[in-house]
Every structure is written in C-alpha cells, then in structure tokens.
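Engineer: As they're listed, the protein sequences go chains D and P.
Numbering-wise (the numbering used here), the first sequence opens with residue 5 and increments by one.
Numbering-wise (the numbering used here), the second sequence opens with residue 166 and increments by one.
None of these hints come from the bench; they were simulated from the model.
All values derive from a computational prediction rather than experimental measurement.
Incorrect hints may appear among the rest.
Derived, one-sided and incomplete: chain D residues facing chain P with beta-carbon distance under 7 angstroms [unchecked claim]:
1) Leu41
2) Val58
3) Val116
4) Thr118
Listed below are several chain D residues computed to face chain P (Cβ distance under 7 angstroms; list not exhaustive) [to be verified]:
5) Asp40
6) Met94
7) Ser98
8) Gly101
9) Gly103
10) Val105
11) Val130
Virtual Cβ for every residue (Gly too), placed ideally from N, Cα, C.
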Amino acid sequence: MNDDVTGSDAPLDDSDVALLARVATMLDVADPVPADLVERVQFSLALDEVFAEVAEMTRVLDDALAVRTDLADATRTETVTFSAERLTAMVTLSRVGTGRVRIDGWVTPSGVRTVALRMQGQDLTVQSDESGRFVADDLREGFVQLVFHPREGEDTGDGGGLVVTPLFKL
Amino acid sequence: MGRATEAFTRFRDGDRPALDELVATVTPLLWRTVRETGLDVAASEDVVQTVWLALLRKADSIREPGTVVKWLITTARREAWRVSKRVRAEAGRTGGVLGVDDEEQLDLPEQREALPDETVFRTTEQRRLWEHVQLLPPRCRQLISVIAFADRPDYSHIAESLGMPVGSIGPTRGRCLAKLRAQLSSDPEWEGQLS
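Turn these sequences into a full structure, and let the hints steer you where they fit.
Structural biologist: This is how it looks when you write it as structure tokens:
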C-alpha cells in the first residue's frame with residue numbers, strides 16, 4: 005500500500021495488539037453489547053428442526069406515533085412484519101395487563117398452518133385460520149421466536165418449508 | 166487459527182456446543198460492525214440475530230472454515246444496509262404524516278453516536294481514546310473498532326470484508342492503526358503508554 009502515514013509499514017507488534025485491546029475495553033464501556041444478546045442468540049439457534057428460511061424482520065414505527073400522542077403504556081401496540089420467499093406475516097403486539105401481552109398475527113398466503121412460539125421457559129403452538137389469522141393471548145413479557153410451518157398439502161421442498169424469525173420482544 | 170475458525174470447524178464436525186462458543190466469541194465483533202453502520206440499538210440486535218440464524222441455515226455453504234468471520238461480517242453489513250434503507254423509507258412516510266421536518270429525518274439512522282455521557286468512562290484515558298477513535302476517517306474508525314474485537318489471524322479477512330485494501334492491517338500496522346498511534350502520541354493529555 006502506498007502510504008503517507010508514518011509507521012504504517014512497521015510490523016504489527018505487541019504494543020499494537022495492546023492498544024487494540026484498550027480500544028475494545030473502551031468500546032465495551034461506550035456502547036456495550038446488550039447484556040443478554042449472546043444468550044438470546046444462543047436460544048434462537050437451539051432449534052430442533054431444520055428450517056428453510058429466516059424471515060426478514062421489520063419493526064413498524066408505531067413508536068414514533070406513540071411518543072407523539074402520549075399513549076399510555078397499557079394501550080400501546082407494536083407491529084412487526086416478517087417477509088420470506090414463501091410467506092409474509094404481520095404481527096401486532098398489545099399489552100393486555102401487567103406483564104401480559106397478546107399477539108394478533110396474519111400470514112399470507114392464507115390457509116390453516118401451525119405457528120410455533122418459542123419463548124424462554126414456555127413453548128406454545130397455535131393454528132392460523134383459513135384467512136391466515138392467528139392469536140396467542142396472555143403471554144408473559146419476554147422474547148419470542150416464531151416458527152411458521154407450511155400449510156397442509158403445501159409443497160415444502162428443502163428444509164421442510166419452515167420459516168423462522170429472529171427473537172423479538174413481547 | 167483464530168478462536169472463531171476453531172469453533173466453527175468443530176461445529177461443522179458435529180459438535181453442537183461449539184456453535185454457542187462461536188456466538189459468544191464473534192457477537193461483540195458483529196455488534197461493532199452493525200453499530201458502525203449507524204443503526205440504533207434495537208435494530209442492531211435484530212440484525213445480529215438474523216445473521217446468526219442465516220449462518221445456521223447456510224453453514225454448509227461456507228467451504229473454507231477460515232472465512233467464517235468474513236462471511237459473518239459481510240452478511241451483517243448487507244443486512245444492516247437493508248434495514249437502514251427500510252428505516253429511512255419508513256421515517257419518510259411517518260415524517261410526512263406527522264409533519265416532522267427534514268432536519269429531524271436526517272437524524273435518523275446515519276447519525277453518528279453522540280459522545281457518551283462522560284461518566285460512562287471510568288478514566289480520562291478512555292474518554293481521550295474514544296475521542297481519538299472518532300477523529301479517524303470513517304473507514305479507519307470502522308476497521309479499528311471491529312478489529313479490536315478480533316483475533317489476529319482474522320485481521321486481513323476483516324479488512325477485506327470492510328472494503329479495505331489488502332495490507333490495511335495484518336503483518337504490518339497499516340495506515341489506520343498508524344494514524345491512531347500518531348494522534349495519541351501527539352496528544353499531551355494522553356498518558357497511556359504506546360510501547
């Protein structure tokens with residue numbers, strides 16, 4: 005590399021490695037990795053099934069609306085959308101009491117399918133109706149990962165047609 | 166061989182717990198990679214998770230275990246840009262509805278981190294080091310911040326996946342690290358030792 009900075013051609017030595025370690029320590033203070041992120045990732049990877057796709061997760065900015073209209077926490081809702089090649093889903097989370105959450109979901113293409121909810125210390129399976137809607141009520145606050153199963157009779161191909169989502173907060 | 170390559174190799178050979186080790190080892194580095202693209206904390210958490218799920222799905226397609234860190238960083242950057250584009254589009258729509266002015270919208274994802282509250286740093290030295298890292302050209306700042314969480318055998322792969330030329334860091338110090346050292350050594354307030 006053609007360089008104008010003195011010392012850039014010097015071999016990387018222990019003092020460089022020590023300086024980088026100090027940068028890491030400083031960054032750990034300035035912008036730490038969220039405390040339980042590693043555990044949450046490990047949990048989300050501990051799936052028993054092989055899956056075909058990871059859905060792209062998008063948070064819809066209800067938050068901006070909530071802040072501006074001063075909605076009380078009790079009535080606040082959040083919407084998350086998921087998109088994968090074989091399906092898209094929209095999930096609305098609403099608070100139904102202290103520390104309890106309700107999920108209203110809608111998957112397309114519509115049809116009866118199993119939706120598994122993986123939660124730390126609690127697993128739940130629900131069915132969507134013909135129109136692709138599903139509900140899971142009175143869930144404990146925490147994190148959940150959704151696993152969408154194929155509709156009955158759907159050609160699943162590789163990976164059993166399962167679509168998984170990242171873990172998201174209830 | 167770096168710890169990541171070693172853990173990934175074992176995972177590929179059927180050792181399931183090695184995946185947890187890999188996650189613990191590389192997540193700090195991915196966190197830095199994603200945060201350096203300007204995404205907020207919540208969005209960055211989602212990206213990091215998505216990247217790991219993608220690895221679980223695609224592990225077999227990574228032929229050379231030594232490139233696993235590179236694969237993870239490249240995937241993380243691609244996913245971060247996708248999300249950041251989406252966030253900006255959403256913000257545009259919400260802004261239109263709510264009458265948020267342009268200036269506020271510009272604040273959205275590409276904003277640099279403001280100086281953390283000074284009390285977060287335990288020492289003056291940490292605060293100075295933060296300032297010096299911020300003063301680096303953006304690509305150098307990214308490289309240094311990500312490399313700081315990596316093992317030495319992975320340095321050159323990381324530089325490459327961040328779009329830096331070969332030789333940016335590795336056998337030699339490279340321009341970015343030399344620059345940081347030069348800044349520190351000309352700072353009378355910097356009391357840390359460099360050698």
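Engineer: For each hint, tell me whether it holds in the structure or not.
Structural biologist: Right, here's what the structure says about each hint:
no. : hint   : verdict
1   : Leu41  : 6 angstroms, holds
2   : Val58  : 4 angstroms, holds
3   : Val116 : 26 angstroms, violated
4   : Thr118 : 19 angstroms, violated
5   : Asp40  : 10 angstroms, violated
6   : Met94  : 14 angstroms, violated
7   : Ser98  : 18 angstroms, violated
8   : Gly101 : 24 angstroms, violated
9   : Gly103 : 20 angstroms, violated
10  : Val105 : 17 angstroms, violated
11  : Val130 : 21 angstroms, violated
Going down the numbered hints, you'll see the structure goes against 3, 4, 5, 6, 7, 8, 9, 10 and 11, while the others check out.
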